[in-house]
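So the sequence lines, in the order shown, correspond to chains A and B.
Counting in this note's numbering, the first sequence runs from 1 upward without gaps.
Counting in this note's numbering, the second sequence runs from 757 upward without gaps.
The set of hints was computed from the structure by calculation and includes no laboratory data.
Note that this is a predicted model, so its numbers are computed, not measured.
Beta carbons: idealized from backbone N, C-alpha and C, even for Gly.
Warning: the hint list may mix true and false statements.
What the hints assert, rightly or not - A short list of chain A residues far from chain B (calculated; beta carbon distances all over 12 Å):
#, residue
1, R39
2, G81
3, T346
Stated by the list, open to error - Short derived list, chain A residues pointing at chain B, Cβ under 10 Å:
#, residue
4, G161
5, A338
6, R342
7, W343
8, D434
9, G656
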Amino acid sequence: MTRIAASPFPGDPPITPELVHDHNLTDEEYGRIIALLGRTPTFAELGIFSALWSEHCAYKHSRPVLKTFPTTGPQVVQGPGENAGVLRLPDGWAVAFKIESHNHPSAVEPYQGAATGVGGILRDVFTMGARPVALLNSLRFGPLDQARNRYLFAGVVKGVGDYGNCVGVPTLGGEVDFGPSYGGNPLVNAMCVGLLKERDLIKAAARGVGSVLLVVGARTGRDGIHGAAFASEELTHASEQRRPQVQVGDPFTEKLLLEASLALIQSGHIVAIQDMGAAGLISSSAEMAAKGGVGVEIDLSLVPTREPGMTPYEVLLSESQERMLVVAKPDRIAAAQAIAARWELTATPIGRVTDDGMYRAKWKDQVVVEIPGQRLIDDCPVYQPEATEDPEIAERRTAHPAPSTQHLAPGEALLTLLDHPPIASKRWVYEQYDSTVQAGTVLGPGGDAGVLRVPGADFGLAVTVDCNSRYVRLDPYEGGKAAVAEAARNIACTGARPLGITDCLNFGSPERPAVFHQFKESCRGIADACRALDTPVTGGNVSFYNESPAGAVDPTPVVGMVGLLSRVNRAVPSHARAIGDVVFVLGRTQAELGGSQFWEVVHGFVGGMPPRVDLGAERRLVDYLVTAADAGLLRSAHDCSQGGLGVALAEVAMRGPYDETGFGLDIDLTAYASPLAAHDLLFSESHGRAVVTCAPERATAVAALAQELGVPAQRVGTVGERGGTVRLLLRDATVLHTVDRLREVYFSSIDQRMGD
Amino acid sequence: MKRVAVLVFPGSNCDAETLAAARAAGSDAFFVWHRDTDLRQADVVILPGGFSYGDYLRSGAIARFSPAMGAVAEHARAGGTVLGICNGFQILCEAGLLPGGLMRNARQRFLSRPVWVRVEQTDTPFTCLYEPGEVLEIPVAHGDGRYVAEPGVAAELEATGRVVWRYVRDNPNGSTNHIAGVMSAGRNVVGIMPHPERRAAPALEGGGQDGARVFLSMEARHATQDVADVRAVDDRHLRV
Chain A
1 MTRIAASPFP
11 GDPPITPELV
21 HDHNLTDEEY
31 GRIIALLGRT
41 PTFAELGIFS
51 ALWSEHCAYK
61 HSRPVLKTFP
71 TTGPQVVQGP
81 GENAGVLRLP
91 DGWAVAFKIE
101 SHNHPSAVEP
111 YQGAATGVGG
121 ILRDVFTMGA
131 RPVALLNSLR
141 FGPLDQARNR
151 YLFAGVVKGV
161 GDYGNCVGVP
171 TLGGEVDFGP
181 SYGGNPLVNA
191 MCVGLLKERD
201 LIKAAARGVG
211 SVLLVVGART
221 GRDGIHGAAF
231 ASEELTHASE
241 QRRPQVQVGD
251 PFTEKLLLEA
261 SLALIQSGHI
271 VAIQDMGAAG
281 LISSSAEMAA
291 KGGVGVEIDL
301 SLVPTREPGM
311 TPYEVLLSES
321 QERMLVVAKP
331 DRIAAAQAIA
341 ARWELTATPI
351 GRVTDDGMYR
361 AKWKDQVVVE
371 IPGQRLIDDC
381 PVYQPEATED
391 PEIAERRTAH
401 PAPSTQHLAP
411 GEALLTLLDH
421 PPIASKRWVY
431 EQYDSTVQAG
441 TVLGPGGDAG
451 VLRVPGADFG
461 LAVTVDCNSR
471 YVRLDPYEGG
481 KAAVAEAARN
491 IACTGARPLG
501 ITDCLNFGSP
511 ERPAVFHQFK
521 ESCRGIADAC
531 RALDTPVTGG
541 NVSFYNESPA
551 GAVDPTPVVG
561 MVGLLSRVNR
571 AVPSHARAIG
581 DVVFVLGRTQ
591 AELGGSQFWE
601 VVHGFVGGMP
611 PRVDLGAERR
621 LVDYLVTAAD
631 AGLLRSAHDC
641 SQGGLGVALA
651 EVAMRGPYDE
661 TGFGLDIDLT
671 AYASPLAAHD
681 LLFSESHGRA
691 VVTCAPERAT
701 AVAALAQELG
711 VPAQRVGTVG
721 ERGGTVRLLL
731 RDATVLHTVD
741 RLREVYFSSI
751 DQRMGD
Chain B
757 MKRVAVLVFP
767 GSNCDAETLA
777 AARAAGSDAF
787 FVWHRDTDLR
797 QADVVILPGG
807 FSYGDYLRSG
817 AIARFSPAMG
827 AVAEHARAGG
837 TVLGICNGFQ
847 ILCEAGLLPG
857 GLMRNARQRF
867 LSRPVWVRVE
877 QTDTPFTCLY
887 EPGEVLEIPV
897 AHGDGRYVAE
907 PGVAAELEAT
917 GRVVWRYVRD
927 NPNGSTNHIA
937 GVMSAGRNVV
947 GIMPHPERRA
957 APALEGGGQD
967 GARVFLSMEA
977 RHATQDVADV
987 RAVDDRHLRV
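Looking at chain A on its own, in the form it has when it is part of the complex:
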């Protein structure tokens, strides 16, 4: 067969070393490209390598580390490598879920950056044949006392909300944290959870020579070109000029695309479907071809465009949103087009599957791209960067706060913590997200984990996202373990059994040994915790280069977890529910204030050894919470995390923002963790703990089950009156506040800072 070498398109710039560098390719990488092609690449080909060999698409720095994650188990239907991971549920159901970052776009255009992040993760889930039933998000910003951080925070929240609200997928949970390292580079991670029947699962592998590639949905414009490359470089002052590379979202079209895609998958007319996400058409088509072990040939002039005069380079690399690439059986094109038309979308044939293994793109008759398809994906270099801990961090870990001259009483410290934005209620945020659309919400945002019904089934799903970057920064291994452990506790507090995770690993530049050390060690922690808790990793996303002129962000490996609640009508909420109920503290409290909110907020000190995760104890606590909920023993269960036992007890008492008032609590801790001083006992962030309440007649059973399962359980008091007093009695101090005072501080903190 005669090979037609690709030729430059009229008007393409000549390939110079500067142009190669502008495409974020090293000399060594460019050398590989020449060797692979046996000639100089065309401009379009250079763009393709730049996108597909970017960190964002190729994971060239992270792949060897990611391979160490546990990814198998009887519940795993689909592990890493597809658009989303899939886990098995009862009755033929399965759950597809994935988390992804949209940090860089959100840093320069918060509203659209965040909105399109939600759009992308929705498409990742519905391309598996799953209907999206829940969204979550994990957000990080600089402190709210700076106007720019407030602008970014407000813009991101509105962007997340407007997109998900319009598509009609409830936001069931999330986390928001604030810290100085995120000022120059906020983090915006979006997670989507979808339900499908396992038999309807579809994968993104092109099959069948002669099958036809259709582009479905929005027209292709010049937006978002090189978004993947942008995501793979550090943010600088010049990044503002990247604003035109931020895509613009249209959730209305997304909703139509969702319905059309699910209908196409159900119809049997198609063999594969892939979101045109990062690196657009090139990424989706090249990946589908490589996965199927076939070639493709595309005529770029057939792609419907928004504006005239677009070049092959632009059509291939555009990241215009709300587009799908579908591989249809050759005799079903008209039928597939009819389904798209039913949802008022076009489906345009642009190419076909070939048997020569080449990735070939033409413009009418001219070949502008011709690359061996498998090698385009496989030949990307893989790096094993150096990893060394920053000595300053090692020093910080052994440090202690300077002895304070002003001694804040525990009761005052509690109010300070409840007012601190990372701890305070996120009502201001989740009120902007529709959390009840689809009418399946059992527990919405504001608790430990969101819970939703599965239509027609007795079981439900619990969903959460978690990471405490303070711990990861101080001790990446323990911090990685802690992210998984906290997610599992949150899931288990609702009564659900943790099933598996997706992760979004947000770090600085992997080319810096100190950052790569954080990455490697926290992944080791995640892997160990996932093995101990039986929660395999089903996929995720790596986001490196989260750096601004002020430095790298704190290492933030966010864990998204799903759990199975065997009887959804037994879902356990996180707040107290009835006067006279008995309160237990589960787990052990030790003097572990390293990385705590107490030291950070009250002493202005970030350091110390973060609390260590005992994975055996975590496992026992999870088993206990699931068993107790299933037996109907618990009235509420709440995880102890940031702010320690003091904040956890206050949250149990305060109830939700729309309840007219909370409950008083009468708590006696004099016999619990007795050697500890008041501050240590109340604000230590030891892992493996939860506060549960139960009806008085169940207290004996609650304690007996704890003993049976090896979980320390201390009966510490009772739930008081509505609007009553929260009284925490310690050996050396007493905390005394009306619950309404606590509510006022906790629920208005962020509103006040945002000027409401």
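Here the structure of chain A is known, so what remains is to put chain B in place on it, guided by the hints.
Chain B only, in chain A's frame:
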């Protein structure tokens, strides 16, 4: 058994749960696509929530021109029963089938939370199973939920008993007279801003089913059975 048409516009996103709530109440419910002009002998038409046509111009402003809306207007003129929920309420106002309109929330932001509404009128096809003055907990989720009407119109609504639901405890969006839902002069077209279909099944957040009777009322009205039998219908609903 009533025939209930649930209209679907591109961008509707509460259509499935609205259909489910109507079916759970015992109705013969089906979807009608916005391009259809045949309502298929529907007794009741429901316009569900969502973002019809993306709501890019103004909530409900484009949907009112859709082919199906001509048929809905005819159905309403002939005395047929119509319910608009959230975006459906906005569309009915834009189409002139209900007085007034829905403007941006007073706090200028989308608002998703539970609210408490008092049932002010029980002589409607959607509230006849409630007690007068009963307070319901149901969620809102809207950016444009602030009901406004000319002073004369609002006064007339009050004087003629056409405010069907009213926010109590607090006014979440700044609505005139705390109005959460109204009806037409013919008392056959009703709009409500909160989402009763999200409180129509057990095990949901808050555990409430306060919205279920909106749908059960459709079946009960003009029925020959007495209230005790209707409760039986309610019980069946509880088991769905």
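Restraint satisfaction for A/G161 [CB to CB of chain B, less than 10 Å]: This hint holds: A/G161 lies near chain B, its Cβ roughly 5 Å from the closest one there, short of 10 Å.
Restraint check, 10 Å cut-off on beta carbons, for A/D434 near chain B: This interface hint holds because 4 Å falls under the 10 Å limit.
A/T346 remote from chain B - nearest C-beta pair above 12 Å: holds, 14 Å
Status of A/G81, Cβ more than 12 Å from any chain B Cβ: The claim holds: A/G81 sits with its nearest Cβ about 31 Å from chain B, beyond 12 Å.
Restraint check, 10 Å cut-off on beta carbons, for A/A338 near chain B: violated, 14 Å
Hinted contact A/G656 with chain B - closest CB pair below 10 Å: holds, 9 Å
Interface hint status, A/R342 versus chain B (Cβ within 10 Å): holds, 9 Å
Status of the A/W343 interface restraint (C-beta, 10 Å, chain B): Holds. Min distance 7 Å.
Interface-negative label, A/R39 against chain B, beta-carbon threshold 12 Å: Check passes; 47 Å lies beyond 12 Å.
Violation of the numbered hints given earlier is confined to hint 5; every other hint is satisfied by the structure.
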